Amino acid sequence: MEQRLKRRYAAERRFRLIGLGAILLSAGFLALLLFTMVSNGARGFTRTEVRLDIDFAKSAIFLDPAALRSANARAALAAADIQGAVQKAAEAQYGAQGARLLSDTAWLKVQGSIEDDPSILTRTATIWLPAASPIDVARKGDGDPEAERVNAQLDSRDALRTRLNSDFLTVGDATDPAAVGVWAAFKGSLLTMLVTLALAFPVGVLSAVYLEEYAPRNRWTDLIEVSINNLAAVPSIIFGLLGLAVFLNTMHLPRSAPLVGGLTLALMTMPVIVIAGRNAIKSVPPSIRDAALGVGASRVQVVYHHVLPLALPGILTGTIIGMARALGETAPLLMIGMRAFITTPPGGFTDPATVLPVQIFLWSDEVSRGFVEKTSAAIIVLLVFLLAMNGIAIYLRNRFERRW
Amino acid sequence: MATTGHTLKAFDDDLNRLRASIAEMGGLAEAAIAAAMRALVERDGESARAVVAADKRIDLLETEIETLAVQIIALRAPMADDLREVVAALKIAGVVERIGDYAKNIAKRVPAIEESSNLKPLSLLPEMGRIVAEMVRTALDAFVARDSAKAVQVCERDRAVDDFYNSIFRTLLTFMMENPNNITPATHLLFVAKNLERVGDHATNIAEMVYFAASGEHLAERERGADPTRAGD
Amino acid sequence: MVEVEKMEMPAEAAAPPKMRASGVSVWYGDKRAIDDVSIDVGQEHVTAFIGPSGCGKSTFLRTLNRMNDTIPNARVTGRIELDGDDIYASNMDVVQLRARVGMVFQKPNPFPKSIFENVAYGPRIHGLASGRQELDAIVERSLKRAGLWEEVKDRLAESGTALSGGQQQRLCIARAIAVDPEVILMDEPCSALDPIATAKIEELIHELRGRYAIVIVTHNMQQAARVSQRTAFFHLGELIEYGETSQIFTNPRVERTKDYITGRYG
Numbered sequence: 000m001e002q003r004l005k006r007r008y009a010a011e012r013r014f015r016l017i018g019l020g021a022i023l024l025s026a027g028f029l030a031l032l033l034f035t036m037v038s039n040g041a042r043g044f045t046r047t048e049v050r051l052d053i054d055f056a057k058s059a060i061f062l063d064p065a066a067l068r069s070a071n072a073r074a075a076l077a078a079a080d081i082q083g084a085v086q087k088a089a090e091a092q093y094g095a096q097g098a099r100l101l102s103d104t105a106w107l108k109v110q111g112s113i114e115d116d117p118s119i120l121t122r123t124a125t126i127w128l129p130a131a132s133p134i135d136v137a138r139k140g141d142g143d144p145e146a147e148r149v150n151a152q153l154d155s156r157d158a159l160r161t162r163l164n165s166d167f168l169t170v171g172d173a174t175d176p177a178a179v180g181v182w183a184a185f186k187g188s189l190l191t192m193l194v195t196l197a198l199a200f201p202v203g204v205l206s207a208v209y210l211e212e213y214a215p216r217n218r219w220t221d222l223i224e225v226s227i228n229n230l231a232a233v234p235s236i237i238f239g240l241l242g243l244a245v246f247l248n249t250m251h252l253p254r255s256a257p258l259v260g261g262l263t264l265a266l267m268t269m270p271v272i273v274i275a276g277r278n279a280i281k282s283v284p285p286s287i288r289d290a291a292l293g294v295g296a297s298r299v300q301v302v303y304h305h306v307l308p309l310a311l312p313g314i315l316t317g318t319i320i321g322m323a324r325a326l327g328e329t330a331p332l333l334m335i336g337m338r339a340f341i342t343t344p345p346g347g348f349t350d351p352a353t354v355l356p357v358q359i360f361l362w363s364d365e366v367s368r369g370f371v372e373k374t375s376a377a378i379i380v381l382l383v384f385l386l387a388m389n390g391i392a393i394y395l396r397n398r399f400e401r402r403w
Numbered sequence: 000m001a002t003t004g005h006t007l008k009a010f011d012d013d014l015n016r017l018r019a020s021i022a023e024m025g026g027l028a029e030a031a032i033a034a035a036m037r038a039l040v041e042r043d044g045e046s047a048r049a050v051v052a053a054d055k056r057i058d059l060l061e062t063e064i065e066t067l068a069v070q071i072i073a074l075r076a077p078m079a080d081d082l083r084e085v086v087a088a089l090k091i092a093g094v095v096e097r098i099g100d101y102a103k104n105i106a107k108r109v110p111a112i113e114e115s116s117n118l119k120p121l122s123l124l125p126e127m128g129r130i131v132a133e134m135v136r137t138a139l140d141a142f143v144a145r146d147s148a149k150a151v152q153v154c155e156r157d158r159a160v161d162d163f164y165n166s167i168f169r170t171l172l173t174f175m176m177e178n179p180n181n182i183t184p185a186t187h188l189l190f191v192a193k194n195l196e197r198v199g200d201h202a203t204n205i206a207e208m209v210y211f212a213a214s215g216e217h218l219a220e221r222e223r224g225a226d227p228t229r230a231g232d
Numbered sequence: 000m001v002e003v004e005k006m007e008m009p010a011e012a013a014a015p016p017k018m019r020a021s022g023v024s025v026w027y028g029d030k031r032a033i034d035d036v037s038i039d040v041g042q043e044h045v046t047a048f049i050g051p052s053g054c055g056k057s058t059f060l061r062t063l064n065r066m067n068d069t070i071p072n073a074r075v076t077g078r079i080e081l082d083g084d085d086i087y088a089s090n091m092d093v094v095q096l097r098a099r100v101g102m103v104f105q106k107p108n109p110f111p112k113s114i115f116e117n118v119a120y121g122p123r124i125h126g127l128a129s130g131r132q133e134l135d136a137i138v139e140r141s142l143k144r145a146g147l148w149e150e151v152k153d154r155l156a157e158s159g160t161a162l163s164g165g166q167q168q169r170l171c172i173a174r175a176i177a178v179d180p181e182v183i184l185m186d187e188p189c190s191a192l193d194p195i196a197t198a199k200i201e202e203l204i205h206e207l208r209g210r211y212a213i214v215i216v217t218h219n220m221q222q223a224a225r226v227s228q229r230t231a232f233f234h235l236g237e238l239i240e241y242g243e244t245s246q247i248f249t250n251p252r253v254e255r256t257k258d259y260i261t262g263r264y265g
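Chains as they are written, first to last, in numbering that gives the first Met the number 0: chain C, 0 to 403; chain E, 0 to 232; chain L, 0 to 265.
No wet-lab data here; the hints were simulated from the structure. Remember, it's a predicted structure, so these values are computed and weren't measured experimentally. Don't be surprised by glycine CBs; every beta carbon is placed ideally from N, CA and C. Watch out, some of these pointers could steer you wrong.
Computed cross-link-like contacts, DSSO-like style, restricted to lysine-lysine with a CA-CA straight-line distance of at most 27 Å [to be verified]:
id, chain 1, residue 1, chain 2, residue 2
1, C, Lys57, C, Lys87
2, L, Lys112, C, Lys281
3, E, Lys107, E, Lys149
4, E, Lys90, E, Lys193
5, L, Lys152, C, Lys281
6, E, Lys193, E, Lys107
Covered stretches of chain C, as calculated for chain L (at least 3 residues, CB under 8 Å) [as the list claims (entries may be wrong)]:
id, region
7, 294–300
8, 304–311
Let's have the full structure, built from the sequences with the hints guiding it.
Here's what the structure looks like:
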């Protein structure tokens with residue numbers, strides 16, 4: 000008797016330890032992932048800036064301040080060759096290779112300063128411009144010897160500083176890693192998710208309602224149920240092929256648009272929502288239905304006033320899972336062509352766009368060292384987006400659950 | 000007729016105890032009547048005193064039966080025929096107790112006629128006593144067996160008892176008119192006859208209760224014998 | 000087959016029956032659950048259905064408001080009338096029927112909403128109130144009639160599921176009353192409650208008696224005896240005996256009824 004008791008306690012202890020071990024292992028991997036990402040990507044959010052002193056009065060910028068206030072501002076700015084002037088100023092300050100110290104799009108900052116304060120054209124100003132990628136990488140400790148040397152040199156002259164990369168979240172893709180941003184991809188993801196949600200959620204929920212409440216129990220509905228369950232397990236690239244064949248080749252929808260991406264992902268997400276929805280509806284106790292019927296509610300009223308509100312937490316959970324999966328999908332979107340080089344964020348649902356996972360994939364393919372940290376930074380942005388989405392859904396779910 | 004037992008066997012046990020107590024009480028009352036009549040005829044004072052003493056047992060049984068019946072009603076919630084049977088048992092116990100009292104009363108009169116000599120009317124009384132004792136036995140048998148047909152038989156027998164009573168009444172009156180010395184013993188005998196007639200009525204009451212318990216309906220108003228108050232005309 | 004024993008109804012019950020079932024049978028697929036039952040439900044009394052488990056009393060109760068429609072392979076034959084109209088006719092609106100014939104279930108099942116919403120839901124979907132004030136009045140009246148008003152009038156916004164079992168059941172009764180039914184069907188309403196809550200519900204049934212025709216299914220014979228004026232005994236899907244409650248429990252006519260109520264069954 001004593002022996003049995005001891006053995007039982009030992010077995011329980013072992014079981015608890017194994018469970019704890021499993022959790023620690025999973026948590027460990029998760030922590031490792033986060034740590035790696037953050038340590039790599041944190042640097043992506045900062046950039047090196049080079050100081051440039053420009054004497055606007057003596058520079059080659061011919062610009063009438065008055066013209067900036069008129070309707071021809073854009074044309075005037077374009078004609079002023081600010082880029083050339085910046086290049087000359089850099090060479091003047093740092094020597095023949097001076098222009099190479101700055102990033103390709105650095106002159107846009109000068110243009111921005113001029114637009115903000117036209118009076119700057121009459122004097123000398125000190126503007127901090129984003130450095131070129133090699134300098135940036137070298138400053139962060141990973142550059143080639145040549146760049147390191149330049150870095151040290153500039154540093155001794157107090158010509159370098161490290162600041163938050165405010166452009167990373169506001170501009171689109173670019174060839175120069177120092178100038179890239181995730182905003183285009185982010186907006187693309189946002190639009191695609193909106194399309195997916197708008198299609199998959201209503202269709203999925205209504206299908207679940209129909210299958211559970213109205214459909215007769217016969218061979219056909221069994222077949223449908225099996226089909227939906229299988230659909231949820233189909234590899235996502237198949238949906239990409241489907242999208243390619245149907246949406247692009249047959250329906251001739253615009254390639255690389257969030258509309259098409261959203262449609263494809265909606266096809267993928269809908270089965271998940273239907274399955275979760277059916278389970279949630281099944282778990283509503285029949286006593287509630289009976290009570291509502293007993294008071295004289297019609298079937299539609301029973302579903303919409305009683306069953307759906309109670310099933311909503313479960314449905315929302317299924318939706319979260321489906322949408323999270325859709326957010327991270329790369330393969331199907333590659334198939335329908337959302338892999339373009341997108342510099343400007345998409346204006347609407349039919350403009351060419353890309354999504355965050357695809358952007359990450361493309362950047363990870365790049366040769367230049369500067370893209371390494373940007374890739375990790377983009378991954379962090381994706382994770383934050385995911386967390387935010389989950390957070391909203393969990394908040395909604397709790398709000399509905401708390402009411403009862 | 001109760002064919003199958005209750006699902007709760009203890010309920011059956013309780014009802015059986017009740018019936019057994021009623022049967023015992025009835026047996027005692029029946030024996031008391033027979034003993035009292037024998038003591039009367041043989042003018043045996045000793046036996047008479049024994050009858051009087053034995054009445055205590057009958058009274059005790061009545062309280063036992065009452066307690067048991069109330070307990071069954073509280074604890075078993077009897078329905079339909081079970082309920083009627085328990086209520087009937089309660090009432091029957093009271094009636095049998097009174098029958099026992101009548102037997103005791105008869106026994107008490109034995110000393111009063113002990114000294115008297117030949118009493119002619121005395122010969123009729125034993126037959127009457129035998130009939131009423133048999134009625135009591137039949138009525139109680141009917142109760143235990145839940146037999147409404149038997150109960151009806153008892154009611155019919157009462158006619159004979161009433162007739163007996165009327166005839167004894169007339170005989171005793173004549174006896175008293177013959178000789179004033181006879182008045183005292185004759186009056187006692189008159190009371191004895193009256194007691195026996197009452198026992199017969201009570202036996203009939205028992206039979207009516209048994210009929211209701213067994214069938215759920217009441218017996219129609221029974222025919223009675225000729226009105227004895229006019230017997231002296 | 001045993002003949003149905005119908006009592007000669009006393010003169011005071013000469014009013015036409017509120018509901019009348021004639022030759023009703025219920026099939027679940029090929030299995031017959033109710034076999035040719037004919038019974039009247041009176042306007043003024045409480046009718047009790049008693050019988051052992053599985054005898055069909057709940058199934059028969061559910062045919063009276065067509066709750067069996069929700070079961071896929073259930074089939075009902077025969078005729079059931081409410082005030083003379085066949086309730087299984089194709090032109091009878093089930094939703095309207097269930098507003099006229101309400102139901103209270105075995106396990107209290109208030110909606111997971113506030114107490115007010117629970118009672119107000121029925122009147123709202125049937126359009127019985129033309130404004131918030133009227134709705135308030137209906138809710139108050141229903142809760143008062145159900146004997147729950149005093150206990151909850153200060154907390155109408157609390158969830159209905161936070162009440163005790165007995166209160167929940169009274170809430171369900173208030174909910175049924177709120178749509179102003181003509182008949183209330185109760186399927187073993189007290190079987191999940193303690194004796195005190197049960198007694199309160201029985202008293203409530205007594206108070207509701209004249210206003211609604213009430214049919215109560217119960218497996219507790221004492222409750223049927225306490226609460227009803229007419230009792231029907233079901234056995235294996237058949238109606239064995241139907242009569243005045245006092246007669247059924249003191250002198251039943253059919254042997255099977257007697258065996259059941261005296262505890263000799265089985």
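Status of the hints after comparison with the structure:
{"no.": "1", "hint": "Lys57/C <-> Lys87/C", "result": "holds, 11 Å"}
{"no.": "2", "hint": "Lys112/L <-> Lys281/C", "result": "holds, 20 Å"}
{"no.": "3", "hint": "Lys107/E <-> Lys149/E", "result": "violated, 33 Å"}
{"no.": "4", "hint": "Lys90/E <-> Lys193/E", "result": "holds, 22 Å"}
{"no.": "5", "hint": "Lys152/L <-> Lys281/C", "result": "violated, 35 Å"}
{"no.": "6", "hint": "Lys193/E <-> Lys107/E", "result": "holds, 14 Å"}
{"no.": "7", "hint": "294–300", "result": "holds (count 5)"}
{"no.": "8", "hint": "304–311", "result": "holds (count 3)"}
In summary, the structure is inconsistent with hints 3, 5 from the numbered list given earlier, while agreeing with the others.
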